[in-house]
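J.: When you get a sec, could you build the whole thing from the sequences and use the hints?
2 protein chains.
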Amino acid sequence: MQESLDMHKKHKGKIEITSKVPLETKKDLSLYYTPGVAQPCKEIHKTPSSVYDYTSKGNLVAVISDGSAVLGLGNLGASAAIPVMEGKCVLFKKFADVDAFPICIESQDSDTIINTVKQIAPVFGGINLEDISAPRCFEIEKQLKEQLDIPIFHDDQHGTAIVVAASIINSLKIVKKNMKDLKITICGAGAAGIAVTKILINLGAGDIILCDSKGIISKDRTDLNPAKIEICKTINKSNLSGSLKDAIEGADVLIGVSAPSIVTEQMIKTMNKDAIVFAMSNPLPEIMPDLAKKAGARIIGTGRSDYPNQINNVLAFPAVFRGALDARATEINEDMKLAAARALANCIPETQLKEDYIIPSPQDPSILTAVSEAVKKAAQNTGAVRR
Amino acid sequence: MQESLDMHKKHKGKIEITSKVPLETKKDLSLYYTPGVAQPCKEIHKTPSSVYDYTSKGNLVAVISDGSAVLGLGNLGASAAIPVMEGKCVLFKKFADVDAFPICIESQDSDTIINTVKQIAPVFGGINLEDISAPRCFEIEKQLKEQLDIPIFHDDQHGTAIVVAASIINSLKIVKKNMKDLKITICGAGAAGIAVTKILINLGAGDIILCDSKGIISKDRTDLNPAKIEICKTINKSNLSGSLKDAIEGADVLIGVSAPSIVTEQMIKTMNKDAIVFAMSNPLPEIMPDLAKKAGARIIGTGRSDYPNQINNVLAFPAVFRGALDARATEINEDMKLAAARALANCIPETQLKEDYIIPSPQDPSILTAVSEAVKKAAQNTGAVRR
Numbered sequence: 115m116q117e118s119l120d121m122h123k124k125h126k127g128k129i130e131i132t133s134k135v136p137l138e139t140k141k142d143l144s145l146y147y148t149p150g151v152a153q154p155c156k157e158i159h160k161t162p163s164s165v166y167d168y169t170s171k172g173n174l175v176a177v178i179s180d181g182s183a184v185l186g187l188g189n190l191g192a193s194a195a196i197p198v199m200e201g202k203c204v205l206f207k208k209f210a211d212v213d214a215f216p217i218c219i220e221s222q223d224s225d226t227i228i229n230t231v232k233q234i235a236p237v238f239g240g241i242n243l244e245d246i247s248a249p250r251c252f253e254i255e256k257q258l259k260e261q262l263d264i265p266i267f268h269d270d271q272h273g274t275a276i277v278v279a280a281s282i283i284n285s286l287k288i289v290k291k292n293m294k295d296l297k298i299t300i301c302g303a304g305a306a307g308i309a310v311t312k313i314l315i316n317l318g319a320g321d322i323i324l325c326d327s328k329g330i331i332s333k334d335r336t337d338l339n340p341a342k343i344e345i346c347k348t349i350n351k352s353n354l355s356g357s358l359k360d361a362i363e364g365a366d367v368l369i370g371v372s373a374p375s376i377v378t379e380q381m382i383k384t385m386n387k388d389a390i391v392f393a394m395s396n397p398l399p400e401i402m403p404d405l406a407k408k409a410g411a412r413i414i415g416t417g418r419s420d421y422p423n424q425i426n427n428v429l430a431f432p433a434v435f436r437g438a439l440d441a442r443a444t445e446i447n448e449d450m451k452l453a454a455a456r457a458l459a460n461c462i463p464e465t466q467l468k469e470d471y472i473i474p475s476p477q478d479p480s481i482l483t484a485v486s487e488a489v490k491k492a493a494q495n496t497g498a499v500r501r
Numbered sequence: 115m116q117e118s119l120d121m122h123k124k125h126k127g128k129i130e131i132t133s134k135v136p137l138e139t140k141k142d143l144s145l146y147y148t149p150g151v152a153q154p155c156k157e158i159h160k161t162p163s164s165v166y167d168y169t170s171k172g173n174l175v176a177v178i179s180d181g182s183a184v185l186g187l188g189n190l191g192a193s194a195a196i197p198v199m200e201g202k203c204v205l206f207k208k209f210a211d212v213d214a215f216p217i218c219i220e221s222q223d224s225d226t227i228i229n230t231v232k233q234i235a236p237v238f239g240g241i242n243l244e245d246i247s248a249p250r251c252f253e254i255e256k257q258l259k260e261q262l263d264i265p266i267f268h269d270d271q272h273g274t275a276i277v278v279a280a281s282i283i284n285s286l287k288i289v290k291k292n293m294k295d296l297k298i299t300i301c302g303a304g305a306a307g308i309a310v311t312k313i314l315i316n317l318g319a320g321d322i323i324l325c326d327s328k329g330i331i332s333k334d335r336t337d338l339n340p341a342k343i344e345i346c347k348t349i350n351k352s353n354l355s356g357s358l359k360d361a362i363e364g365a366d367v368l369i370g371v372s373a374p375s376i377v378t379e380q381m382i383k384t385m386n387k388d389a390i391v392f393a394m395s396n397p398l399p400e401i402m403p404d405l406a407k408k409a410g411a412r413i414i415g416t417g418r419s420d421y422p423n424q425i426n427n428v429l430a431f432p433a434v435f436r437g438a439l440d441a442r443a444t445e446i447n448e449d450m451k452l453a454a455a456r457a458l459a460n461c462i463p464e465t466q467l468k469e470d471y472i473i474p475s476p477q478d479p480s481i482l483t484a485v486s487e488a489v490k491k492a493a494q495n496t497g498a499v500r501r
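These protein sequence lines map, in sequence, to chains W and Z.
Take any residue in the first sequence, note its place counting from 1, add 114, and you have its number in this note's numbering.
Take any residue in the second sequence, note its place counting from 1, add 114, and you have its number in this note's numbering.
Derived from the structure by calculation, the hints contain no laboratory data.
Incorrect hints may have been included.
Which copy is meant is left open, so a pair is good if it fits within one copy or across any two.
[Stated by the list, open to error] Using 30 Å as the maximum straight-line C-alpha spacing, the simulated DSSO-like pairs for lysine-lysine come out as follows:
#1 K359 with K259
#2 K123 with K259
#3 K123 with K207
#4 K232 with K207
#5 K468 with K141
#6 K140 with K208
T.: Structure, rendered in structure tokens:
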């Protein structure tokens, strides 16, 4: 992709900071800078909540990373993560008119990251965490949610979870199965795998078998990190042990958020009838769609734009934050995520659903309104809004 | 100024974050986001300096405050400082096409501020410190200069110093006095007063008497903070003691960066012939221009836009950063500040100089090129550029 390098170089990055106000006349300067600017300052000092009226805070999201898990590339550090974070920022603007700014943090120490984000929070109306490696990402998100009163959203977890949930909801309408009867296997127990597991439980999934690189996660394992130990309490009801192959046998749904090419045709052949396979390792999936199809899978999704059913976070994060900001939400809670998933699924009328069209394309203009409205309403219904 | 409140509310702040790249087609998304974005990430990981080629860093300045000294309003805290910082950001864009982003830090502890700025430095090509109270601002700037390899510039100090220095340079051409023969009195020993003192010494000023609210700063004083003790070594050569009134008597130049209305006509009358008075407390000066004139001052400047000779930082900071960023400077050093002051002064041809036109207006289009080129050249000449 020399072209991508060339284009990044030509534009010298992707974001620009522009003025929303005119600055042509002396009067403009006196209104928006000195002496007029003293008025909103004094007003915010007197009535802190008016910061949402007089500043850009209410539409401003920080896209924050430490560069520890950049795309599928691994730990590249803060500077090398900037192109991804700038990319997120321009997608926020393009798809939801959210102003987003990239912050790449030098340290990879969790406490340092938490403290840094807290210190810079005043100008932001929300925080989108990005490409922070598991299990650190769980603790960082948890602490920030507890300590800040603005929405905190780790997109690798919850963006993925929302889009996968919407894809499952629509797939079930095609294969005519119920969520509670499903046997679901999830391959990959990092940020995305854990979050997908949680949202599917909250959607009423039957049993879920979660696998990491060592195989099925069960109570008998002694090598689990705290996040895996915690999630283990609510999944794998028969306490199965074994390999990924064992986990896939008889499954209705296989969700891959792990590594390229680790699922074989033979494994897919052992799945239940009308198998649903989301192989989202990117750019190289757990199994290529044509092989999964040949092996009998009925519905197949990937993270790629060159195959049908692209299960991509961009379907969720811009509209989710649009709704949260519009509601002046104090958090993005489980109800808001579920509402987003259901609204995203409903963007395709049931009559139009088919095996290779279970999820809308990012360009679908109905997503923004549907998802943001649903998120806003859920925030209001759960009382998660600023008074 | 209800109008200022109304306009801030109408626009909900002043900054917007937009895309420099097109995002219309699937191809655009694949170049600027996944999978193409992986290429610049890998390239930066391999060659760290290429972050200037592939990201917005090279044109991005953080405008950072803790809200401890907002305008003349005092310690209003982080949130109430946002309107001023957003204002700086839009001025950066308007006057020098620099992309600037406001960061307001929750804590007012110097070490916490220093650490926070270091942690978020990777995305920024420069740091503009703003409205941080003295003497904390000196230590914060010093530490950041030592620990980061991008330009650090406390505008309340150095922006003010550059514009005052340019104004003095041009005033001396009118009154036909030499810098080295001047007796200069500076009223106010905060961030601006100390920095103005330093730049005038570097320009070869004769003797400078610096006053704070307790009177003349001399070696006999026992109540001085470290910054005042340090500056005391290079000023007040006869070790005078006394009041502001004593300090003004016989002075050629009076520079006020202190508080409203503390200078009287009587004091101005005791100044030397062809007195130069810059009364920059804002919006209410140390003495109103008409009173100073009546008392015999020949050249008068203020911080206000409704009087001649508005000595305003906006004449310096945008072009100074433009030059520093264009040079990929690693700092903004004394030579660069002096070069900026001289270039700014030279924006008015000597034949056009007069008592009420010693400094150009911010709208003068020659400032940007003249000052940024001078700063860039000084950075190169002093070796303060990235290799």
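J.: Hint by hint, say whether it matches the structure.
T.: Quick rundown of the hints versus the structure:
{"no.": "1", "hint": "K359 with K259", "result": "neither (37 Å within a copy, 56 Å between copies)"}
{"no.": "2", "hint": "K123 with K259", "result": "between (37 Å within a copy, 28 Å between copies)"}
{"no.": "3", "hint": "K123 with K207", "result": "both (21 Å within a copy, 21 Å between copies)"}
{"no.": "4", "hint": "K232 with K207", "result": "both (24 Å within a copy, 27 Å between copies)"}
{"no.": "5", "hint": "K468 with K141", "result": "between (59 Å within a copy, 25 Å between copies)"}
{"no.": "6", "hint": "K140 with K208", "result": "between (33 Å within a copy, 13 Å between copies)"}
Violated hint for the displayed structure: number 1, the only one.
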